[in-house]
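*Asks:* Just so you know, the protein sequences line up as chains F and Z, in that order. Okay, so the first sequence: first residue is 1 according to this note's numbering, each after it adds one. Okay, so the second sequence: first residue is 1001 according to this note's numbering, each after it adds one.
Don't read these hints as lab results, they were simulated from the structure. For glycine and all other residues, C-beta sits at the position ideal for the given N, C-alpha and C. Some hints here could point you the wrong way.
Some chain F residues near chain Z, calculated using beta-carbon distances under 8 Å [claimed, not checked]: (1) 223; (2) 231; (3) 272; (4) 299; (5) 410; (6) 415; (7) 448; (8) 450; (9) 455; (10) 456.
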Amino acid sequence: MSSAYPVVQEHERSSQPQRVVNDFSIQIATVNGSGSQTANLVLLRSLLLMGVPVSGKNMFPSNIAGLPTWYTIRVSKDGYIGRKKEVDFLVAMNPETAKEDVLTLDPGAAVIYDEPLKLNALRDDLIFYPVPFDKLVAAVCPDAKLRRLVRNMIYDGVLAKLLDIDRALMEKALSKQLGKKAKAVTLNQGALTAGWDFAEANLTKRDRFHVEPMTEAVGKILIEGNAAAAIGCMMAGVTVVGWYPITPSSSLCESLIGYMKRYRVDKESGKATFAIVQAEDEIASLGMVLGAGWAGARSMTATAGPGISLMGEFAGLGYYMEAPGVIFDVQRVGPSTGLPTRTSQGDLLQVAFLSHGDTKHPMLFPCSVEECYTMAQEAFDIAEQFQTPVFVMMDLDLGMNSWMSEGLKYPDKPINRGKLLTPDVLKRVGQWGRYRDVDGDGIPYRTIPGDGMPAWFARGSGHNDKGQYSERPDDYVQNMDRLARKFETARQYVPKPVVDIVPDAKIGLIGFGTSHWAISESRDQLRAETDVKTSYLRLRGYPFNEELLKFIDAHERVYVVEQNRDAQMMQLIKLDIPPDRVSKMRSVLHYTGLPIDARSVSDDVLSHEGFEVAKKTDRVGGGMLGGE
Amino acid sequence: MATPLKVNRIGLEPQIYKGGKTTLCAGCGHNAISERIIDAFYEMGVDPSRVIKLSGIGCSSKSPAYFLGTSHGFNAVHGRMPSVATGAMMANKKLIAIGVSGDGDTGAIGIGQFVHLMRRNLPIIYIIEDNGCYGLTKGQFSPTADLGSTLKTGVVNDLPPIDTCALAIELGATFVARSFSGDKKQLLALLKAALAHNGTVMLDVLSPCVTFNDHEGSTKSYSYVKDHDDPVEEVTFVPFFEDIAVDYEPGTTQEVTMHDGSKLYLKKLEEHYDPTDKIAAIRRLHETARRGEFATGLIYIEPDRDDFLTLLNVVDEPLASLPLERVRPGPAALEEIMESLR
Chain F
1 MSSAYPVVQE HERSSQPQRV VNDFSIQIAT VNGSGSQTAN LVLLRSLLLM
51 GVPVSGKNMF PSNIAGLPTW YTIRVSKDGY IGRKKEVDFL VAMNPETAKE
101 DVLTLDPGAA VIYDEPLKLN ALRDDLIFYP VPFDKLVAAV CPDAKLRRLV
151 RNMIYDGVLA KLLDIDRALM EKALSKQLGK KAKAVTLNQG ALTAGWDFAE
201 ANLTKRDRFH VEPMTEAVGK ILIEGNAAAA IGCMMAGVTV VGWYPITPSS
251 SLCESLIGYM KRYRVDKESG KATFAIVQAE DEIASLGMVL GAGWAGARSM
301 TATAGPGISL MGEFAGLGYY MEAPGVIFDV QRVGPSTGLP TRTSQGDLLQ
351 VAFLSHGDTK HPMLFPCSVE ECYTMAQEAF DIAEQFQTPV FVMMDLDLGM
401 NSWMSEGLKY PDKPINRGKL LTPDVLKRVG QWGRYRDVDG DGIPYRTIPG
451 DGMPAWFARG SGHNDKGQYS ERPDDYVQNM DRLARKFETA RQYVPKPVVD
501 IVPDAKIGLI GFGTSHWAIS ESRDQLRAET DVKTSYLRLR GYPFNEELLK
551 FIDAHERVYV VEQNRDAQMM QLIKLDIPPD RVSKMRSVLH YTGLPIDARS
601 VSDDVLSHEG FEVAKKTDRV GGGMLGGE
Chain Z
1001 MATPLKVNRI GLEPQIYKGG KTTLCAGCGH NAISERIIDA FYEMGVDPSR
1051 VIKLSGIGCS SKSPAYFLGT SHGFNAVHGR MPSVATGAMM ANKKLIAIGV
1101 SGDGDTGAIG IGQFVHLMRR NLPIIYIIED NGCYGLTKGQ FSPTADLGST
1151 LKTGVVNDLP PIDTCALAIE LGATFVARSF SGDKKQLLAL LKAALAHNGT
1201 VMLDVLSPCV TFNDHEGSTK SYSYVKDHDD PVEEVTFVPF FEDIAVDYEP
1251 GTTQEVTMHD GSKLYLKKLE EHYDPTDKIA AIRRLHETAR RGEFATGLIY
1301 IEPDRDDFLT LLNVVDEPLA SLPLERVRPG PAALEEIMES LR
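Extracted from the complex, chain Z is given alone in its bound form (with noise of 0.2 Å):
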């Protein structure tokens, strides 16, 4: 008798959420990443015939094509993946729209798109698979490298790096978190938590390069950053088909309800943390930054605003697939044109 098999609340066993063998290099942070996505999809029980994959261009934006191999992908040009993600998601709004960056393809190329992104609060989950180099193209530095690391041959990086995280803060990103590929816990988290809210969510991952940036004198090797990774918060997260109460004691966590229904416990590590406060979170991105370590965690969460679909007051249906009768006016309409123009 065969086993019964594992599935998730849609009914779909794992295997669909897999997609096709990696070509990325072995101990990549990027793959981590992907099955971080496949755990998050499948447990949350998103139905994959409604996601989108979008890339850019990069090693980062080859791993698409490594997750949910049921769903539709599209690797777009480089840099330019945040305007296709808007058309795509205006055309069906009951889309969900994964995209995947890289800090080059961010933080040089696409900070233009990215920029203009964050502003529209667009309901995508962003994230950057952030290396501080292009590996693709063997390992120059990328606009994240922080001042003073070095490259494989000793160069050293003399300008700032741009922090994605309090950048999108700053523009309006709903939904701010930075990560490891390497916290498997709080990655996953910060995952489900992104597929309950509803707008831009901003997840920079850190994600080491084993071939070009794991080296002494890298900010962004796999030992650097587990020596100075600084959690904001611990992250508990509740999706709202689970009925379970998290205990804790009174003033040490924070509660968040996300737009679903779902739940955020944040407990508070050292000192007190609320993510909800957009100034608060920018000065702890900059005291941490100064000390040459990360803050990971949920950085600004601001779980109401209205998002960019709401905005443009689109119909419920997509427009995508609205019959011919409802998207070409009448012959009256056209009649009246004709008048007012005679």
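Excised from the complex, chain F in its bound form (with noise of 0.2 Å):
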């Protein structure tokens, strides 16, 4: 069958410097606890200063100090964002994988390098810039414990030169990063024109990446899928926070407590309206978010997937004795530890079902910084209405990395509470009971200690509709019933899916979280390279609704992709869908522990359809191995 479709070549690289204006990757290798964060942040963010659509992904590993790390920087002119393999850029700071590094390029790549690495030595087919590093910095940090914080500024300074970045953003967004240190915007300033300068006296531009200002990204934010997470919950209200720092979910709890300490106090009394507290573990952190819930709060909690497994157990009593609160599960890869601080779309199964018995949650899946934001606000909203726990599914890549965003925007309706009985509502529905079906969705009513309305006794026992302890089949039965009609309901509101049908696509493309924006691009190229057609369905909650199956009965061949082994997402699905459309579903997976990037799923794709494809494998993190 394969002989019947054309040949995909893979795009040839000139080695003539033909001119690459905004559409080029730069690749940061250095080691972590060198400082180089801010080197590259403020790289990143004097390319967005000049307006030009960027991104930025830090494959770092899970070690204090000492091992190496690989910062990524894409820049592109057509605003996608998601990770690209290749590196056209590479600045090589770490002498433990600068041969591997620089081996792997294509040829017509250029390499800024630390000039004793002699890397030049390696390959003919790329362009090097040495650059003595210690010599540079000695000149402007006499203080020796300093330099190896604010040499990596140097590089950004050789690379605005030989890139024509702004060098006043550049200086711009230097101080932006390091605020009111003044001694370090100093010292940093002085790395940054050391570096431009010697660029300007010493390096000839060889290269063919240019950057030019534009005004596409002019005026857009850079955030972290946590931070923006913790903005959302703030919004929404809550008041009560329990959580354990696990990579690569506690800078979501931790910008929440910056940004309540700024927003959420009481100017008059000085006292807090909200309760935030680390706990000794997981299982405690779910412990006080059911507490709350259950006594009126809104609570959250954030955590990765070893945590969700600890969290089994008080998952299913949420469940069942019905009380709200919403978790952020930040995906890292497993299983076990697994990779600490790689990305990965690897818990859905778990989530989805967490705890013994026949228990199910719903699960909200935010693609961008705006959706992390957006979605917060409406987890606390679904878990209130549905008296049960939420899964916010974000990622590693989503909540750790920079992203550039239209600004958040202020919510535009109240927050919904949900089914709270009042003296109004027990006239009208005659005897309360808690787990009383009334309005036929499932949904009872419920009441809070210290509301003045009856109580009840919350258990994880089999209880009757009056939160009784029951043994009874019957009794048994009817809750298990509603908790399941329950879970019916909640199709129709969790956020639905967003939909592109594409006239005379036979395949569609189902995605979620942050695999959107590899599939984007993806689309584009297909488009370009093949002229294959695709739909796109990007699911954002379960349990699905039937715009799923619609997608699904519309095309001949549906691609589910999803960062995980094991097509975790695509055996939702089949569990939600008629037998007969099983054999129309296929899968694109990737886990290597780095974001998901277009080219795979195009290959993926192609490759399914018959396509001969030569397959690239991914060179970042060649040369890691544990310091263990």
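Mind docking these for me? Both chains are given alone in their own frames, and the hints should help you get the complex.
*Replies:* Okay, here's the thing in structure tokens:
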């Protein structure tokens, strides 16, 4: 069959210095703990300030200091902010990985390197720019102890000169990054200038890559998904947080603490309108969330896979005794400890059915920092409307990397606290029972301690519709069936999918979360390279609604793109669709721990479709064997 | 003419403080504890609509269904009631929390959460109904079973017990007491004092299991506990709302003023015991245990330390019911954040 299709050629990289503007990637290879993050973020922000669409991805080790780290900045005039596999411009600062970093580059790439590493001897098809970092830093930073920290700013200066980055904007970005630390600003500005001056005096531009100002990204913000989710929680009126530090979720609660201290302390009394506690573990975190939810607070926690595993028992309790709570799962690579600093969408099946017995939970799937913000707010509403734990499924790529975005918009509606029993409701419903399905949607009315309404006994053991202990078969079945009905109702209340139906497209792509960026770019690639047209449905919530089946029905073959080995989202879909549709379903899987990229999606789809595709492996991270 | 109903200081009848019919064994120590809880809450005039009753899993943890039937209850997962209670109290600081656990629920699976509850000094009355065994699973040893005590089957316990009182004092609990389910007077006085305390009350109540641990060879049987009960003082509690003067000979009694103004009179027995002296308290627990006895009474008290909710500096109103305008910052706040990100 494959012979019937054209062979896809890889893009040939011309060795001629043809000008490439605002469409390339920079990779900075350093050692973690060396202060490179400041230099990298300054570089990223200065590009954004020029109005150029950018994305930054940090590939870092699970370690405090001394292991290899790669930071990739993608500059894309077309606004593609997913990861790009190919590296066009390498800054080789780490002697440990420099050789392999250089050997894996495509011909025509440019390399800034620390002169003593003598990398230019390795290849003759690359453009090399040696920079004597130690000599330059010694001249601008008299204090030997600080040199390690400002040394990296030199490559920003060199890059600014070589790529035509506006130096004034880079200095503005630097001031923004370092804030009021005047001494640090001065030192780093010196290093930046030293880099620029060195490049101007000693380096001849020979590579193809250039930055030019654009209007596209003017006024956009740079924010990590964890911080955006935190702002969403604050705007949703969260009052109780129990959390336990775990990569990659810690910065969600840490940024929340920062924002709440600034914006949620009563001016008059100086007292907090929130309580945030670092718990003893993830089990206690969810215990606190459910206790607070039961007592009427908007409560949340954030964790990652190992924390999710620990929370299983409480998650089942929350489902069965029906307490609201919001859990952010910033997914990292499992199983077990896995790759703690790498990204994945591997917790879906675990979370969907977290806990023993017949248990299921609503999940939301934000793809952008904007959705981290809006879905955080929706999650609290859904949790209270449905009186159940709700999981917001983020990932490390979204949570910890800096993403450009439009400014976040102020919420345009009040919060929804769900069905709380009031004297009026009591009059209407007649006799109240905690678990009575008065409205036929499976959602009962609840009371909270201290509200003056009738009390009830919350329990994880079997109960009747009054909340009384019961082992009676009919009580058990009625309650379980009502819980199932409640879950059915949730289909219409979780965020609906975003659907783009392309006329004549035989192929449908289904994606969710951060895979969205690779999928969107891949659709353009497929159209440009092979004329393969695709429709696209981006899932935003679980349980799924009827649009999913309609989409599957409208296409001959449907690819579910996801970042795990076991096609977890496809498995969830298969449970939901009629058996005769199952044979249509295909998988595109990416589980290297690095964010999924468009090329991988396109190649995988094309090879399923019978095209011949040369497979390229991911180069980043090859040199990383842990320090143990 | 109907006789006037007996009511407490907030006008409620004793009936309001009762719970469902117990399903525990006849003679179970836990039932006696439930009765004392009912008495204490009634006599102290606690508003049951403000009370939350929490528990873990096990025989002891069933008991909140058998007292204060008009209060909200939460039967959580095994050993993890402390975190649920912590969340609930953060949500609403006006609530009065009583947690009932057992020696297995606390000492085994729950020891981690127990430790951190004690450290935080959360306002809660935490009761361990301590019978040294797992009743609900038919009598296995629990972590408070004493060295050398035996199961009904004759199996000997060869591991040292966890002394929850010594542990609680070490960890920072501010009201630590031990009592015996069969000692009505002492238990009631301690429970009423517990209601007057602000912070974590850890009350270990020896509560014999009549079915699995009341035999010869058990150190948690009715007869053993009765014979080896060594009170550190005689406790008299006078609530703030009762104007009662207690006369005592100088040097015989220690007076402790509680957070709400109530008074504790601790009459010394054969030797002087000062429950505000942490080191002496731990020494007394160890010495008594070495003799194979139980030190009972108020073992340790620190009446004035800030509780957890004070440390969190939360507003005076319950967080749970703050209106939207107090929990959603205005558009200017969001704009300020956005500007910082541009």
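*Asks:* Now tell me if each hint is right for this structure.
*Replies:* Results of checking the hints against the structure:
Look at residue 223(F): its Cβ gets to within about 5 Å of chain Z, closer than 8 Å, so that hint holds up. Because the closest C-beta pair between residue 231(F) and chain Z is about 6 Å apart, less than 8 Å, the hint holds. At its closest, the beta carbon of residue 272(F) sits 5 Å from a beta carbon of chain Z; the interface hint therefore holds under the 8 Å criterion. Satisfaction of the interface hint for residue 299(F) is found here, the shortest Cβ-Cβ separation to chain Z being roughly 6 Å, below the 8 Å cut-off.
Interface hint at residue 410(F): satisfied, since its Cβ lies 5 Å from the closest Cβ of chain Z, which is below the 8 Å cut-off. Because the beta carbon of residue 415(F) sits about 6 Å from the nearest beta carbon in chain Z, less than 8 Å, this interface hint is met. For the restraint placing residue 448(F) at the interface with chain Z, the shortest Cβ-Cβ distance is roughly 7 Å, inside the 8 Å limit, so the hint holds. For residue 450(F), the interface hint holds, since its Cβ comes within 8 Å of a Cβ in chain Z; the closest pair sits about 5 Å apart.
With a cut of 8 Å, the hint placing residue 455(F) at the interface with chain Z holds, because the nearest CB-to-CB distance is about 4 Å. The criterion of a C-beta within 8 Å of any C-beta in chain Z is met by residue 456(F), whose closest approach is roughly 7 Å, and the hint holds.
Violation of the numbered hints given earlier is absent; every hint is satisfied by the structure.
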